[in-house]
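Please arrange chains V, Z and S on chain P, whose structure you already have, making use of the hints.
Here's the letter readout for the chains.
Number of protein chains: 4
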Amino acid sequence: MIKSTYRFRTRYSEIDQMGFVYYAHYATFFEVARVELFRTIGVSYKQLEEDNILLPVSEYKIKYLLPLLYDEEFEVKTTIKNLPSGSRIHFEYELFNAKNELCTKAETTLFFMDKIKKRPRKCPEEILEIMGNYF
Amino acid sequence: MIKSTYRFRTRYSEIDQMGFVYYAHYATFFEVARVELFRTIGVSYKQLEEDNILLPVSEYKIKYLLPLLYDEEFEVKTTIKNLPSGSRIHFEYELFNAKNELCTKAETTLFFMDKIKKRPRKCPEEILEIMGNYF
Amino acid sequence: MIKSTYRFRTRYSEIDQMGFVYYAHYATFFEVARVELFRTIGVSYKQLEEDNILLPVSEYKIKYLLPLLYDEEFEVKTTIKNLPSGSRIHFEYELFNAKNELCTKAETTLFFMDKIKKRPRKCPEEILEIMGNYF
Amino acid sequence: MIKSTYRFRTRYSEIDQMGFVYYAHYATFFEVARVELFRTIGVSYKQLEEDNILLPVSEYKIKYLLPLLYDEEFEVKTTIKNLPSGSRIHFEYELFNAKNELCTKAETTLFFMDKIKKRPRKCPEEILEIMGNYF
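Chains as they are written, first to last, in my numbering: chain P, 1 to 135; chain V, 1 to 135; chain Z, 1 to 135; chain S, 1 to 135.
Next comes chain P alone, as it looks inside the complex:
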């Protein structure tokens, strides 16, 4: 299992007129959180793209349990529970506010894609190897 935690603070631009973080913005937090998980284990998503490997999202699910307000600090705990199988990689996210209350739970499935051929491809060997150390 690979786990990492990343801290954020809500921005004014993210708050809607209900006074809550707008429901679309959580996806941007999870994207930052999984890139930071990669950074933690020594994988650069930026480098991956420069090597012509993209990682688009194919599926995303989220449950909103408690709202986040303006200027709140929060953290996203990101987990990879299984090694990538074929082209697919799965992440789970739990978002906690400063009182350590669970605010949202989410999951994404992504797939490795060849940027030139625009087709799914296997997870690169060196990434599998790095990840293998955690399982």
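Each statement offered as a hint is correct.
Which copy is meant is left open, because identical chains are indistinguishable; a pair holds if it fits in one copy or across any two.
Subject to a maximum C-alpha distance of 30 Å in a straight line, what follows is the list of computed DSSO-like cross-link-like pairs (lysine-lysine):
no., residue 1, residue 2
1, Lys118, Lys99
2, Lys63, Lys81
3, Lys105, Lys117
4, Lys61, Lys77
5, Lys3, Lys61
6, Lys99, Lys115
7, Lys122, Lys81
8, Lys105, Lys61
It is worth saying that the hints were derived from the structure and are not from the lab.
Structure of chains V, Z and S alone, referenced to chain P:
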């Protein structure tokens, strides 16, 4: 069943460096689509909020099947399959590109919330009545 | 002079907790408005990029006179007052709400850029020719 | 003079298909930067809003000198050169990339607004006092 269709064109601000609509933005399209469904049957979401009734999202799921590119026209078909039960209302979305290919499928569950008490409340009677005409 | 008008409706995702369109989003409206001006005169910005010509913004100014609220219809009047000189092209924008009140005034300077060389380049001849018909 | 510096990293959601931070997003960075300047001197913008004082932007100017790319670290140096006069307060911003190159220069004018009366009002005395210590 209540159905409506709303047309969009992708904006430059919505495209990421893969050249695809960034995965978080679909939630904003579905939000517009469900407000337009309401408008079609004579319900104003704006008015609802002015009457101190909010409609936050509690659950959201999406499958990304085909990417949307810059300056593409697309349409979102929105469906309410069941009358709201208690405080909850469920929407389903299918997003088609200009070639009529299904690009994403999504679902949201929302709940009626009392803006003052910050608590779930039943769907207002007049909305139930209007919706009842379609079932 | 080249002029065009494009109509919008504010989206929930664009409203902040003051209940106003968040100040950053106007730039996205102006971007749509200038692409639509181009479309009106038969120029496709999408095609331009496919021909390896980019048009990034080098300068942007805006005055906020009246706020836009949720679900408001508004229009952006876009004007090109002078033919591009060298690599630069200048747009002016006036944004009016449904009561025809001027809400914001803005200007952008953009420049034609060679996508491969990543350097400024002259406005393409065929675009100058098309624009020339309006002056 | 009041000065502060705040560090960011560009997010995937902020990058457009040119591979640059989209021009609208800088406004969101400056908003974070000025809130952090306030925090530095002991003023909470969140608290200000809870006290029914809003601080909307009335004018914004930006020059884009060098693009920011994906996953780049950058910092925004924010300066208040003069005490607020009447209801208005002015901020200047310089954004530097990790090589310490100046990427954008910007300015905003904001005004203190009474949230209830929806009208401009003077800068609160206690904020003037705090700021006075820096001039």
